[in-house]
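Trainee: Sequence:
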Amino acid sequence: MTGKSESRVRTGARASSVGVALLVASCFGVEVAQAQAIMRTPTISVPSRTPTVSPNITPRVSPNIAARAVSVGRGPRTMATIPTTPRIRPTTPVLPHARYSPNLYPACTAAHRGADGECLAQPNAGGEGTGKSGKKSAGKGRGNNAPVAATSRSFAGEFVAEIDGALSTAEADELARRHGLTRLASENFPLIGATFGLFRIADGRPYETVRREFAADGSVRSLQPNFRYVLQDQKSSAATEGDPAQYALAKLRLPQAHTLAHGANVTVAVIDSGIDARHPELANSIADNFDALGSAEGPHVHGTGIAGAIAAHARLMGSAPEARIIAIRAFGGANGGAESSSYIILRSLNYAAEHGAQIINMSFAGPKDAVIERAIAATAARGLILIAAAGNAGAKSPPLYPAANPNVIAVSATDRQDRLFSASNRGNYIAVAAPGVDIFLPAPNGKYQVTSGTSFSAAYVSGVAALLLERNHTLKPEALRMTLVKTARDLGSPGRDDLFGDGQADAFAAVMAVPADSATPVAAAPGTTKREDAPKRRDEPGIRAIEQPSLSSAEDKSAVSQADRPAAR
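Counting from 1, position 118 in the sequence shown corresponds to residue 118 in UniProt numbering; the numbering is continuous, with no gaps.
Rather than coming from a laboratory, the hints here were simulated on the basis of the structure. By construction, the Cβ of each residue, glycine as well, lies at the ideal position given by its N, Cα and C atoms. Keep in mind that the hints are not guaranteed to be accurate.
[Claimed, not checked] Pair ranges (Cβ atoms, derived):
hint: 1; residue 1: Glu171; residue 2: Ser222; range: 17 to 25 Å
hint: 2; residue 1: Pro206; residue 2: Ser493; range: 18 to 26 Å
hint: 3; residue 1: Gly356; residue 2: Gly193; range: 18 to 26 Å
hint: 4; residue 1: Tyr247; residue 2: Glu213; range: 53 to 61 Å
hint: 5; residue 1: Thr182; residue 2: His473; range: 42 to 50 Å
hint: 6; residue 1: Pro406; residue 2: Ser168; range: 31 to 39 Å
hint: 7; residue 1: Gly294; residue 2: Ala381; range: 26 to 34 Å
hint: 8; residue 1: His355; residue 2: Asn445; range: 23 to 31 Å
hint: 9; residue 1: Gly356; residue 2: Glu171; range: 29 to 37 Å
hint: 10; residue 1: Pro406; residue 2: Ala314; range: 34 to 42 Å
hint: 11; residue 1: Arg212; residue 2: Gly495; range: 43 to 51 Å
Using the sequences and the hints, build the whole thing.
Mentor: Here it is in C-alpha cells:
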C-alpha cells in the first residue's frame with residue numbers, strides 16, 4: 001500500500017508540474033502576443049504640403065495621431081493601461097531659415113527665440129557646432145558665456161573690430177595676419193570718431209579661439225560678430241498693374257496735410273536695398289546715391305517700395321511727395337534676396353549723417369548690436385530723426401533693433417480695418433502705428449506691387465516727419481516725436497498700449513500742431529480723435545525715458561493761427 005500511495009503521489013506531482021508548465025507557457029504566449037500588437041507602429045498617411053503664410057490669419061495646427069510607445073524589458077511584463085483613442089499634442093511648424101526671410105527674422109517660432117529675438121534652434125552656419133542653441137552651448141567646456149557668433153544671426157567667421165586709428169593699411173593687414181585673419185575692409189567713421197575694420201578668419205581655426213586672441217591684441221579696441229540684418233516686409237504678391245485706391249492716404253489724412261506741406265527741402269536717407277530712380281513715381285526725387293555694398297546689383301522691390309511710400313508723386317501719392325531721397329544700398333544678395341551686416345549698416349549711417357540727411361528710414365531688423373547702438377546714439381546726438389520698422393516677428397517676439405533703441409521712433413503696422421498686422425512686433429517701445437497691410441507701391445522697371453509689412457508703415461511715418469520738418473526745420477527730435485504721439489489717433493484699448501503705441505499717426509493733426517513760425521508744438525488739429533482723457537499706463541521699466549513737454553490746454557486746440565491756413569503748393 002505504501003508503495004502504491006507513493007506512486008500515486010509522484011504521478012499527481014508530475015501531472016501538477018505539467019499543468020503548471022502549460023499554464024505558465026499559456027500565460028507567456030498571451031502576453032507576448034499582446035506586446036507585439038501594442039508595439040506595432042500605426043501607419044500614418046499625411047500628405048506633404050508647403051505651408052502658406054497669410055498676413056491676417058494666424059496659422060492653425062490640427063491635431064494628428066501619434067504612435068503609442070510601450071517599453072518591453074526582460075523578465076515578467078506588466079501591461080500598461082493605454083487610452084483607446086491615440087492622440088498627440090498639436091505641433092508648431094518651424095520654418096526653415098532662409099537667406100532672405102521677408103516675414104520673420106529669422107524664420108522660427110517664438111518658442112525658439114532668445115532674449116534678443118534670435119532663433120536658438122538654427123544650425124551652426126560656421127560648421128563648428130552641432131546645430132544646438134548657440135546660447136546654450138557657447139560656453140560649454142570653456143568656463144565662459146561668450147556667444148558663438150557663427151550662427152544664422154551673423155556672418156560665419158567674420159568680425160567687426162574697432163582698431164587703432166593710427167594704423168596704416170599695411171599695419172592693419174599685418175595685424176590681421178598675426179591672428180590668422182584677412183582684412184576685408186577698414187575705414188574711419190567720423191560719425192562715431194573711430195576706425196573699424198571687417199575681418200574674416202582665414203586659417204579655419206575655431207571662432208572662439210580667434211576671438212579671444214584677437215580681442216587681447218593691444219591694437220583692438222572692441223570686437224563683435226558681423227551681425228546679419230534683414231528687411232522687414234511680408235513676401236510681396238505678384239506685381240499688380242493699375243491704380244487701386246490707396247486707403248493709407250485717408251487713414252493718415254495725407255490729402256489734408258498736403259494742403260500745408262509736401263516735404264519740400266527735407267532730405268530722407270533710405271537705408272535699404274536698391275531703388276529704381278527711373279521709376280515715374282520717383283522722378284527727380286533721388287538726390288544722392290550711395291552703394292555701401294560696392295555692388296553692381298540693379299533695383300530691388302523692397303527699396304523701391306519704401307522710397308515710393310515716402311515720395312511717390314505720379315499715379316500714386318507718398319506721404320512726402322516733394323522730399324529728397326538719399327538712396328543708400330545696404331541690402332543685397334543672390335536670387336533676389338536682401339540682407340546686410342553690422343559693418344555695412346555702420347557705413348550707411350555714417351554716410352547719411354555726413355551727407356545732410358535730416359531723417360533716416362530703417363525698414364529692417366536684427367539683434368541688439370553694440371556698434372550700431374553706438375552709431376545710432378551719435379546720429380541722434382546730431383539731431384537727426386531716426387525711424388524704424390518694429391519688425392514682423394509676431395506677438396511673442398522679443399524687441400528687435402534698431403526699432404527698440406530709445407533714440408528711434410518704432411512703428412507697427414495696421415490694416416484697412418485699423419487692426420494690428422498679425423505679424424507685427426509689439427512692446428512698450430512702439431511709438432505709433434501706420435498702415436502696412438496690402439499697400440500699393442511702385443516696383444522696379446516701372447511696375448507696381450501690393451505688399452505688407454512694418455517696413456512700409458515706417459516709411460509712411462518717415463514721410464510724415466518730413467512734412468513736419470518742412471513746416472519748421474528747427475524742430476528737434478524729441479519735439480517731433482512728441483508731436484507724432486500726441487496727435488495720433490487712439491486705437492485698441494484706451495490710451496497707450498503695446499500694439500499701437502500712442503495710436504495711428506495722423507499727418508494732418510501733426511502738421512497743424514507745428515506752427516510755421518515756432519519750433520514748439522502748441523496745438524492739436526480740430527478733428528483729431530486722440531483720447532486725451534484715457535487713463536495713462538503706469539511707467540514700466542524699459543519705456544523710453546524722454547521728457548516730453550505737454551501740449552497746450554484743450555481750449556487752445558480749436559485755435560488755428562494765420563500761418564496754419566492752407567497754402568498753395
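Trainee: Is the gap between the beta carbons of Thr182 and His473 within 42 to 50 Å?
Mentor: holds, 45 Å
Trainee: Taking the Cβ atom of Arg212 and the Cβ atom of Gly495, is their distance within the range 43 to 51 Å?
Mentor: Taking Cβ atoms as reference, Arg212 and Gly495 lie about 49 Å apart, which means the hint holds.
Trainee: Confirm or reject the claim that His355 and Asn445 have a C-beta distance inside 23 to 31 Å.
Mentor: The hinted range 23 to 31 Å holds for His355 and Asn445, with Cβ atoms some 27 Å apart.
Trainee: So the hint says 18 to 26 Å: do the beta-carbon atoms of Pro206 and Ser493 match that?
Mentor: violated, 50 Å
Trainee: Range hint 26 to 34 Å: satisfied by the CB atoms of Gly294 and Ala381?
Mentor: Roughly 28 Å apart at Cβ, these two residues keep to the hinted range, so it holds.
Trainee: Holds or violated: 17 to 25 Å for the Cβ distance of Glu171 and Ser222?
Mentor: holds, 18 Å
Trainee: Holds or violated: 31 to 39 Å for the Cβ distance of Pro406 and Ser168?
Mentor: holds, 38 Å
Trainee: Hint says 34 to 42 Å; check whether the CB-CB distance for Pro406 and Ala314 agrees.
Mentor: holds, 38 Å
Trainee: The hint says 53 to 61 Å between Tyr247 and Glu213; measuring C-beta to C-beta, is that right?
Mentor: At roughly 57 Å between Cβ atoms, Glu213 and Tyr247 fall inside 53 to 61 Å, so the hint holds.
Trainee: Assuming the hint says 18 to 26 Å, is it satisfied by the Cβ distance from Gly356 to Gly193 or not?
Mentor: Hint holds: Cβ distance 19 Å, inside 18 to 26 Å.
Trainee: Holds or violated: 29 to 37 Å for the Cβ distance of Gly356 and Glu171?
Mentor: holds, 33 Å
The structure does not agree with numbered hint 2 stated previously, though it agrees with all others.
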